[in-house]
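Colleague: Each chain is listed here by its residues.
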Amino acid sequence: MLSATNKIVKISCFCLAVLVSLFTVRAEGADSQNSDTHNEAGHEEEFVANDFILDHIRDAHEWHLWTNAHGHHVSVPLPVILYSKNKGFHVFMSFKLAHGHEYRGFELKSTGDYAGKIVEVDGHGEIRGIPLDFSLTKNVAGMLVVVIVMFLVFIRMGNMYRGDPNHIPKGLFGFIEILIIFIRDQVAIPNIGEEKYARFMPYLLTIFFFILINNIFGLIPFFPFGANVTGNIAVTLVLASFTLIITGISGTKDYWKHMIAAPGVPLWLSPIIMPIEITGMFVRPFALMIRLFANITAGHIIVISLVSLIFIFKSLSVAPITVLLVLFMDFLELLVAFLQAYVFTLLSALFIGLAAKEHHH
Amino acid sequence: MEGSLTAIGAALTVIGAGLGIGWIGGKAMDAIARQPEAASMIQTSMIIAAALIEGATLFAIVVVLITA
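Chain order of the listed sequences is A and B. Heads up: the first sequence begins at 5 in the numbering used here, then just goes up one per residue. Heads up: the second sequence begins at 8 in the numbering used here, then just goes up one per residue.
Hints were generated in silico from the structure; no laboratory data involved. Among the hints, erroneous ones may be present.
As the list claims (entries may be wrong) - Among chain A residues calculated to face chain B with C-beta under 7 angstroms, some are:
| hint | residue |
| --- | --- |
| 1 | I294 |
| 2 | R295 |
| 3 | A323 |
Here a beta-carbon is modelled for each residue, glycine too, at the ideal position from N, C-alpha and C.
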């Protein structure tokens with residue numbers, strides 16, 4: 005059993021080493037996508053708080069680490085994967101598109117209608133179309149980091165329990181076992197019921213830990229953490245649609261019959277009730293999506309705004325107040341991270357339980 | 008006077024959220040005072056209700072982010 009975990013740790017370290025060597029840091033003048041101010045050596049640029057904040061919230065095609073004294077941005081380059089109807093698949097490193105350069109007929113627009121998107125341009129710079137963008141952006145890379153961490157931790161935990169069901173976990177694994185038992189006893193069983201909860205436990209545990217670890221990693225400001233994953237509405241849209249799909253799949257016949265008319269409701273009321281029920285079916289995951297996205301994004305915006313107070317006032321004496329406020333906000337954000345993961349999982353379990361409930365008439 | 012109506016809308020929504028969560032917190036404290044043994048269950052329900060109210064508030068923040 006010990007050799008199995010050793011093998012897993014060694015394989016994971018090897019994979020990490022391969023990934024790190026692929027994405028070695030480039031310190032060229034690779035500008036971040038949203039800044040169109042020119043950085044000449046020694047020339048100070050105006051600090052625009054709005055752009056600073058939005059840069060840190062938004063997704064980007066490279067992982068910006070820091071800006072050194074000459075105005076060069078040091079960042080981890082990420083691959084750009086495009087599929088265009090005219091030209092097929094293209095894979096290349098994102099720094100080829102830096103500074104608005106055109107490469108293989110593609111250009112990353114920073115202003116205008118297609119700001120922030122990669123568009124297809126023909127020889128004269130006219131926009132021909134928008135390719136499908138499957139790039140490994142900063143958020144996708146952040147998600148991959150979380151996925152690697154989750155594999156490392158949970159596969160190891162699963163192997164520990166396989167040999168000995170009464171194994172007593174130590175340290176971090178003990179804490180995770182507490183969370184897992186909490187989800188099973190306080191979230192899954194009360195909402196889904198004793199007979200059916202085991203089918204949905206993998207899904208509930210996955211979304212709980214995925215959202216929790218992504219929330220926490222989003223608060224840590226340095227590489228490889230700090231990608232605003234759960235604050236990206238596309239990510240929360242996918243998570244909410246998972247809940248929608250699983251709720252729909254696990255619906256019993258009674259659940260669908262109750263959408264037309266619950267027992268005891270006369271059938272002529274059904275044209276009023278059915279639209280309400282169907283919209284309700286879609287609005288509940290929509291609320292899940294908005295709740296998670298807005299909570300996490302709002303928290304990040306507050307922390308970054310407090311930090312940028314120092315730059316707005318241009319004096320270091322603001323720093324002690326800012327640091328205290330940011331410390332307090334970070335504690336609040338930690339609470340929000342746990343709370344939002346718990347509320348997402350609880351409401352998913354509630355919706356699944358409502359759909360999968362056996363009605364005994 | 009210059010300003011933005013979305014900002015005023017966001018501020019009004021925060022008033023609503025503050026009232027709602029404050030009401031829940033107050034009722035929870037009353038309940039805990041009546042029956043201290045049930046404190047942890049009441050606290051859990053209070054946190055869940057506060058998170059749901061905050062979800063409603065954040066619809067307004069999303070509207071602000073979209074229009075501004």
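Colleague: With reference to the structure, classify each hint as holding or not holding.
Modeller: We went through each hint and held it up to the structure:
1. For I294/A, the shortest C-beta to C-beta distance to chain B is roughly 6 angstroms, which falls under 7 angstroms, so the interface hint holds.
2. For R295/A, the shortest C-beta to C-beta distance to chain B is roughly 4 angstroms, which falls under 7 angstroms, so the interface hint holds.
3. Because the beta carbon of A323/A sits about 28 angstroms from the nearest beta carbon in chain B, more than 7 angstroms, this interface hint is broken.
Violated hint for the displayed structure: number 3, the only one.
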